[in-house]
Amino acid sequence: MAVEKIAPGPRVHLAVLDEVLNLCRANSLWPMTFGLACCAIEMMATGASRFDLDRFGAAVFRPSPRQSDLMIVAGTISKKMAPTIVTLWEQMPAPKWCMAMGNCAISGGPFEFEGQYAIVPGADLLVPVDVYVPGCPPRPEALIQGFLSLEDKITKGERRNVIRRFKKSAGKNR
Amino acid sequence: MSSEDLKRALEKIVEPSSVHARDYERNGCLLEIGAEPGQLPAIARAARDAGFFLEFITAVDFADGPVAVYQFNECETISRTQVKVQLAREESLPSIGSVYDAALWYEREVFDLFGIRFDNHPDLRRLLLPEDADFHPLLKEYGKVHAFRSARDIYDDQDA
Amino acid sequence: MMTRTPEPATEHTFYLNLGPQHPSTHGVLRLFVKLDGEYVMEVDPIIGYGHRGHEKMAESHFYEQFLPNTPRMDYLSGMLFNHAYVAAVEKMAGIKAPPRAEYIRVICAELNRVASHLMWLGAYLMDLGGVTPFFYAFDDRENILDILDRVSGSRLTYNYCRFGGVARDIDDIFIEATRDFVKRLRGRWKDYNNLVTKNVIFIHRTRDVGVIDKDLALRFGCTGPVLRGAGVPYDVRKAEPYSVYGEMDFDIPTGDNGDAFDRYMVRLLEMEQSLRIIEQALDRLPDGPVTTPTPRKVRPPKGDYYFAAETARGALGYYIVSDGSECPYRLKVRVPSYGNLQTLTEILPGTLVADTICILGSIDIVVPEIDR
Amino acid sequence: MPGQVLHDFLYVGVFLVVGVIFALTPIILSWLIAPRSESAKRAETYESGMTALGSAWIQFSVAYYIYTLIFLAFDVDVLYLFPVALVYGKQFVFRDFLEIVIFVFILSLAIVYAWRKGVFKWQSKR
Chain E
497 MAVEKIAPGP RVHLAVLDEV LNLCRANSLW PMTFGLACCA IEMMATGASR
547 FDLDRFGAAV FRPSPRQSDL MIVAGTISKK MAPTIVTLWE QMPAPKWCMA
597 MGNCAISGGP FEFEGQYAIV PGADLLVPVD VYVPGCPPRP EALIQGFLSL
647 EDKITKGERR NVIRRFKKSA GKNR
Chain G
2 MSSEDLKRAL EKIVEPSSVH ARDYERNGCL LEIGAEPGQL PAIARAARDA
52 GFFLEFITAV DFADGPVAVY QFNECETISR TQVKVQLARE ESLPSIGSVY
102 DAALWYEREV FDLFGIRFDN HPDLRRLLLP EDADFHPLLK EYGKVHAFRS
152 ARDIYDDQDA
Chain F
3 MMTRTPEPAT EHTFYLNLGP QHPSTHGVLR LFVKLDGEYV MEVDPIIGYG
53 HRGHEKMAES HFYEQFLPNT PRMDYLSGML FNHAYVAAVE KMAGIKAPPR
103 AEYIRVICAE LNRVASHLMW LGAYLMDLGG VTPFFYAFDD RENILDILDR
153 VSGSRLTYNY CRFGGVARDI DDIFIEATRD FVKRLRGRWK DYNNLVTKNV
203 IFIHRTRDVG VIDKDLALRF GCTGPVLRGA GVPYDVRKAE PYSVYGEMDF
253 DIPTGDNGDA FDRYMVRLLE MEQSLRIIEQ ALDRLPDGPV TTPTPRKVRP
303 PKGDYYFAAE TARGALGYYI VSDGSECPYR LKVRVPSYGN LQTLTEILPG
353 TLVADTICIL GSIDIVVPEI DR
Chain B
3 MPGQVLHDFL YVGVFLVVGV IFALTPIILS WLIAPRSESA KRAETYESGM
53 TALGSAWIQF SVAYYIYTLI FLAFDVDVLY LFPVALVYGK QFVFRDFLEI
103 VIFVFILSLA IVYAWRKGVF KWQSKR
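Residue numbers (the numbering used here), protein chains in the order written: chain E, 497 to 670; chain G, 2 to 161; chain F, 3 to 374; chain B, 3 to 128.
Source of the hints: derived by calculation from the structure; they are not laboratory data. Quick caveat: nothing in here was measured; it's all calculated off a predicted structure. Please note: incorrect hints may appear among the correct ones.
[Said to hold, decoys possible] Computed Cβ-Cβ distance ranges for the label pairs, DEER-style:
id, chain 1, residue 1, chain 2, residue 2, range
1, G, Arg126, E, Asp550, 40 to 46 angstroms
2, B, Lys92, F, Asn196, 47 to 53 angstroms
3, B, Asp10, F, Leu197, 55 to 61 angstroms
4, F, Arg190, B, Leu34, 49 to 55 angstroms
[Claimed, not checked] Derived DSSO-like pairs (lysine-lysine); straight-line CA-CA distance at most 30 angstroms:
id, chain 1, residue 1, chain 2, residue 2
5, F, Lys185, G, Lys8
6, F, Lys240, F, Lys185
7, F, Lys216, G, Lys141
8, F, Lys200, F, Lys185
9, G, Lys145, G, Lys85
10, F, Lys216, F, Lys240
11, F, Lys299, G, Lys145
12, F, Lys299, G, Lys141
13, F, Lys200, B, Lys123
14, E, Lys575, G, Lys8
15, F, Lys200, G, Lys8
16, F, Lys299, G, Lys8
17, F, Lys304, G, Lys145
18, B, Lys127, F, Lys216
19, B, Lys127, E, Lys575
20, F, Lys185, G, Lys85
21, G, Lys13, E, Lys575
22, F, Lys216, G, Lys13
23, F, Lys304, F, Lys240
24, F, Lys200, F, Lys216
25, B, Lys43, E, Lys592
26, F, Lys98, F, Lys240
27, B, Lys127, F, Lys200
28, E, Lys649, B, Lys127
29, E, Lys652, E, Lys592
30, F, Lys200, G, Lys145
31, F, Lys200, G, Lys85
[As the list claims (entries may be wrong)] Sample of chain G residues facing chain E (criterion: CB under 10 angstroms; computed from the structure):
id, residue
32, Leu129
33, Leu130
34, Pro131
35, Glu132
36, Phe136
37, Pro138
38, Gly144
39, Lys145
40, Val146
Where a beta carbon is used, it is the ideal one built from N, C-alpha and C, also for glycine.
Could you build the full structure based on these sequences and the hints that come with them?
This is the structure:
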């Protein structure tokens, strides 16, 4: 598990300010280019012109963890790669989120069998994962839905999505 | 530069009894040679002079010891030759990295996954597994496998 | 080669990890580089960060259970890996796929080859700093993914070929979509040529960079566009025709001095040849069944078999030792990028760091294919 | 007269104070409200996930130094053009233009000299 002390919150904590900041953070997620295997190609396809992640403000793929606030673990995590993932997660500044993309990152996927010696079955054994996107590889639409649910999680409710706010049924369960 | 003159060259190195042709349609290779570990550098040089390139080096773990499989091929004609070397359990192989540079990684991978050591290999360390791994995964008694047979009952009666 | 514990850097040189998480290593390859200012002095490619143990997995799974593994080894030419594995086991077990299935396999394989080259084109130009070709190439590639998705159900990791045929028959919507795609992509060559081939910066960045000549390629066992870029017309589809490639007429483009520009041109011209194959296969598509009845568990007779096929990166080979049971005794996958990547240790020392990225991109590697 | 001078200095003073405040507020604001995370490897240098070997404080080749020198020459050159821009074209337009051409030409000789010396040629040492 990433050894990370429970960080103290911000020095000045205002509810309204937090809400505004979360709204801004949710709509400008900067993911870190971190493709491990097949899911990386679907991540690139999502960033390309057809599925266009830019509509959600999330396609600014930053190579270095210092400038990114979302780590997408896209692909199979081999045991040799595990310490690197933990290092990258720790080198990301707060606030940071993690998205486990694809079955390999969720639970080892098609390579998890009795006698498997080479892979770590799941990214949540290494870093705290916020959103799981199932699929092998998940279709670009599934990844975009992952981004939307992460944005919902950041803003703690559907106020972000104006249309959904007017649907009476959906708004209640938050 | 085709496989005939490689066959003649190899027959000088290895005794002719262990050189036998294979049916390309069924098995995909034309010539198969059973060799001793010591003859490998000579075989590699002969293949290099005949203009062959090294397709791969791998090993297959059997009850009476692993069999190292070297495979050479040529670009112009279909002339795939396989060299099989039966090893005892802890025996080591001479490295042919000086003749074929591709062999350096293949040998490191065979050492990594099978534990077969290669003498005078410039940089024999693990290739695929993390450096601190202490097991050789592709050996049959590691982990769960379907069967653990001896070499005779696979190779001997296959062409009968 | 560099020893394991590198000696302390002299005053001019320092060590850099073009490490597993790097935008231009196309996956989790780590280049441990000793730099002297801008110049690369020594390079030690460290692989294994994408190692999943495919070969160990094969020894405890049935032949059918290993099918999904094949497209996940090289996910850019997944159909080609799938087709090669199925053809290998069919040859071992003596199963004969009906002619219609063979033609469908060749059509889908060539579509996948074009998709793989387009993906490479986009990623390579992005390495060199040009972002527009990435969107051009991915736009065309999405067409292929739609066509193959319609018939095989997945965009990248196809499990479409089965022992004895293919999973589903194609319909005339597939055929018409493929013909439209072929026409559309042919119209795009002009765009690619104007945007990239005639681009002065691209020519200066790739001409005479990373020269892999014939002898170097043979010493390292390179195959595919890397070898053809050096001038050797070796293509497994022509050298050892499998499936119905024997009846297709297409030629093999080769470069002359084996630099990054020649490899680029070879891949661009290869896409055109693949389109020709697709058209011929579509014209001669026989009707009839797409599967023959095969036993529930395939049990090939004892012995060892080798089957070679041509993927987008080079000559792929399955070396299968069977002990007559329903699980392979040993399954070795001879992968083309293995040899292609090794040439880095020879051609990189002395080049600039920017050229390192250009050379690495031009040999087009996929890391889980090398690590297996 | 002194009142006028003092008045002018007032502008400069206000401009200075606003500048400083404008610079410091984001730093203080983010120091206050930014969430914090402490972790073991947070301070280590980022080298694509690996631990960096050796330090980067080494003597590197002189080519970089000469590159920056050329930049410096032109940076200062632009500095002198600012005041010229204020008075350009007031009386004799042609004279001003000619002066600037001469000024820039003389400075560009530094580029020509560096070019001849081969600073821009990064030959590959194969």
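We went through each hint and held it up to the structure:
For G:Arg126 paired with E:Asp550, a C-beta distance near 44 angstroms keeps the hint of 40 to 46 angstroms intact. Take B:Lys92 and F:Asn196: their Cβ atoms lie about 48 angstroms apart, and the range 47 to 53 angstroms holds. Take B:Asp10 and F:Leu197: their Cβ atoms lie about 57 angstroms apart, and the range 55 to 61 angstroms holds. Range check, F:Arg190 to B:Leu34: Cβ separation about 54 angstroms, and the 49 to 55 angstroms hint holds.
Only pairs whose Cα atoms come within 30 angstroms are accepted, and F:Lys185 paired with G:Lys8 is rejected, the gap being roughly 49 angstroms. At roughly 25 angstroms between alpha-carbon atoms, F:Lys240 and F:Lys185 fall within 30 angstroms of each other, so this suggested pair holds. Distance hint between F:Lys216 and G:Lys141 is unfulfilled; the C-alpha atoms sit about 39 angstroms from each other, more than 30 angstroms. Distance hint between F:Lys200 and F:Lys185 is fulfilled; the C-alpha atoms sit about 23 angstroms from each other, no more than 30 angstroms.
Taking the CA atoms of G:Lys145 and G:Lys85, the gap is about 26 angstroms. The hint holds against a cut of 30 angstroms. For the hint pairing F:Lys216 with F:Lys240, the CA-to-CA distance comes to about 19 angstroms; that is within 30 angstroms, so the pair holds. The hinted pair formed by F:Lys299 and G:Lys145 meets the criterion: a straight-line CA distance of about 20 angstroms does not exceed 30 angstroms. About 23 angstroms separates the Cα atoms of F:Lys299 and G:Lys141, which keeps this hinted pair within 30 angstroms; it holds.
Distance restraint check for F:Lys200 and B:Lys123: the Cα-Cα separation of roughly 23 angstroms lies within the 30 angstroms cut-off, and the hinted pair is therefore satisfied. This hinted pair does not check out: E:Lys575 and G:Lys8 have alpha carbons roughly 44 angstroms apart, beyond 30 angstroms. Our distance criterion of 30 angstroms between C-alpha atoms is broken by F:Lys200 and G:Lys8, whose separation comes to about 49 angstroms. For the proposed pair F:Lys299 and G:Lys8, the alpha carbon gap of about 39 angstroms is over 30 angstroms, so the pair is violated.
Among the hinted pairs, F:Lys304 with G:Lys145 is consistent with the structure: their alpha-carbon atoms are about 21 angstroms apart, no more than 30 angstroms. Between B:Lys127 and F:Lys216, the direct Cα distance comes to roughly 22 angstroms. Compliance with the 30 angstroms bound is thereby established for this hinted pair. A distance of roughly 38 angstroms separates the Cα atoms of B:Lys127 and E:Lys575; the hinted pair therefore is violated under the 30 angstroms criterion. For the given pair, F:Lys185 sits about 50 angstroms from G:Lys85 by alpha-carbon distance, which is inconsistent with the 30 angstroms threshold.
Restraint check: the Cα-Cα separation between G:Lys13 and E:Lys575 comes to about 47 angstroms, which exceeds 30 angstroms; the hinted pair is violated. Simply put, F:Lys216 and G:Lys13 have alpha-carbon atoms about 28 angstroms apart, close enough for the 30 angstroms limit, and the pair holds. A threshold of 30 angstroms between alpha carbons decides the hint, and for F:Lys304 with F:Lys240 the separation of about 29 angstroms falls inside it, so the pair holds. About 26 angstroms separates the Cα atoms of F:Lys200 and F:Lys216, which keeps this hinted pair within 30 angstroms; it holds.
At roughly 15 angstroms between alpha-carbon atoms, B:Lys43 and E:Lys592 fall within 30 angstroms of each other, so this suggested pair holds. A distance of roughly 21 angstroms separates the Cα atoms of F:Lys98 and F:Lys240; the hinted pair therefore holds under the 30 angstroms criterion. With a C-alpha separation of about 27 angstroms, the suggested pair B:Lys127 and F:Lys200 falls inside the 30 angstroms cut-off, and the hint holds. For a cut-off of 30 angstroms, the pair hint linking E:Lys649 to B:Lys127 is broken: about 53 angstroms separates their Cα positions.
A distance of roughly 15 angstroms separates the Cα atoms of E:Lys652 and E:Lys592; the hinted pair therefore holds under the 30 angstroms criterion. Straight-line distance between C-alpha atoms of F:Lys200 and G:Lys145 comes to about 56 angstroms, which puts the hinted pair past the 30 angstroms bound. Restraint check: the Cα-Cα separation between F:Lys200 and G:Lys85 comes to about 50 angstroms, which exceeds 30 angstroms; the hinted pair is violated. Contact between G:Leu129 and chain E, as hinted, is supported at the beta carbon level, the nearest pair being about 8 angstroms apart and thus within 10 angstroms.
Interface hint status for G:Leu130: upheld, as the beta-carbon distance to the closest one in chain E is roughly 7 angstroms, under 10 angstroms. Against a cut-off of 10 angstroms between C-beta atoms, the interface hint on G:Pro131 holds, since the closest Cβ of chain E lies about 4 angstroms away. Proximity of G:Glu132 to chain E holds as hinted, the smallest CB-CB distance being about 9 angstroms (cut-off 10 angstroms). Using the Cβ-Cβ criterion of 10 angstroms, the hint placing G:Phe136 at the interface with chain E is satisfied: the shortest such distance is roughly 7 angstroms.
The restraint placing G:Pro138 at the interface with chain E holds, with a minimum CB-CB distance near 5 angstroms, inside the 10 angstroms limit. Because the beta carbon of G:Gly144 sits about 4 angstroms from the nearest beta carbon in chain E, less than 10 angstroms, this interface hint is met. For the restraint placing G:Lys145 at the interface with chain E, the shortest Cβ-Cβ distance is roughly 4 angstroms, inside the 10 angstroms limit, so the hint holds. Against a cut-off of 10 angstroms between C-beta atoms, the interface hint on G:Val146 holds, since the closest Cβ of chain E lies about 8 angstroms away.
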